[in-house]
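J.: Sequence:
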Amino acid sequence: EYMKSVASWINALAETDRYLLFGISVLLSFVFFWILKKITLKIFIKFAAKSRTNFDDLVVEHKVLQKILWFFPILIIYNAAYLTPAIQAFVQKLCTVIFVFIFIMGVNSLINAISEYSSTLEKFKGRPLKGFFEVVKIGIYIIGIFMVIGLLTNQSPLALLSGIGALTAVILLIFRDTILSFVASIQI
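For this note's numbering, add 66 to where a residue sits in the sequence shown, where the first one is 1.
No wet-lab data here; the hints were simulated from the structure.
You may find that some hints are simply not true.
Here are the in silico distance ranges between beta carbons for each label pair [to be verified]: (1) Lys203 with Leu102: 24 to 32 Å; (2) Leu195 with Ile240: 34 to 42 Å; (3) Ser228 with Ala152: 34 to 42 Å; (4) Glu200 with Ile230: 16 to 24 Å; (5) Phe113 with Ile245: 35 to 43 Å.
With a straight-line Cα cutoff of 25 Å, these simulated SDA-like cross-link-like pairs (lysine to any residue) come out [stated by the list, open to error]: (6) Lys159 with Ile142; (7) Lys133 with Lys159; (8) Lys103 with Ile134.
Treat the numbers as computed from the prediction; the structure is a model and nothing was measured.
Note that the Cβ used here is the ideal one computed from N, Cα and C, for glycine as well.
With these hints in hand, go ahead and build the complete structure from the sequences.
T.: Below is the structure:
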């Protein structure tokens, strides 16, 4: 019942008041992020210092947790966008694109931490894992780019991928001889 009364109060507000309330929500989301970051990082850094493994120290060093914590203020802004019906779709789409970027940056930092940690392990010494991790990061970037393009154009990322696949097939047919001679020159 309390939530219904809050919803009816928000619906009764004038449009300028709704934008002001949205601005306050954005400001409070960043204050919440700052407080959450301070508390969470202190706890995690203390935990990392006490643990015997080096991996959590690398997670702190590569700022994985700091990047993941950005989800919370963006989520608050995404949910507060209903206060501004005129720009709600734009704000929510922008927040979704930012979610993708945050996810990519967080996974990139995590892969960097895993790569650095695996290079310290004895069983992985002398193995070319760095190239493997770089290929994984490139794949994540490509997937992220397709997701962002799909979000901005309101297309399915799979439809974009299939279109690029068809384009690649046509290019391969057109430039078949050129590609074959290029590959042959590299092999020699």
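J.: Which of the numbered hints above does this structure break?
T.: 5
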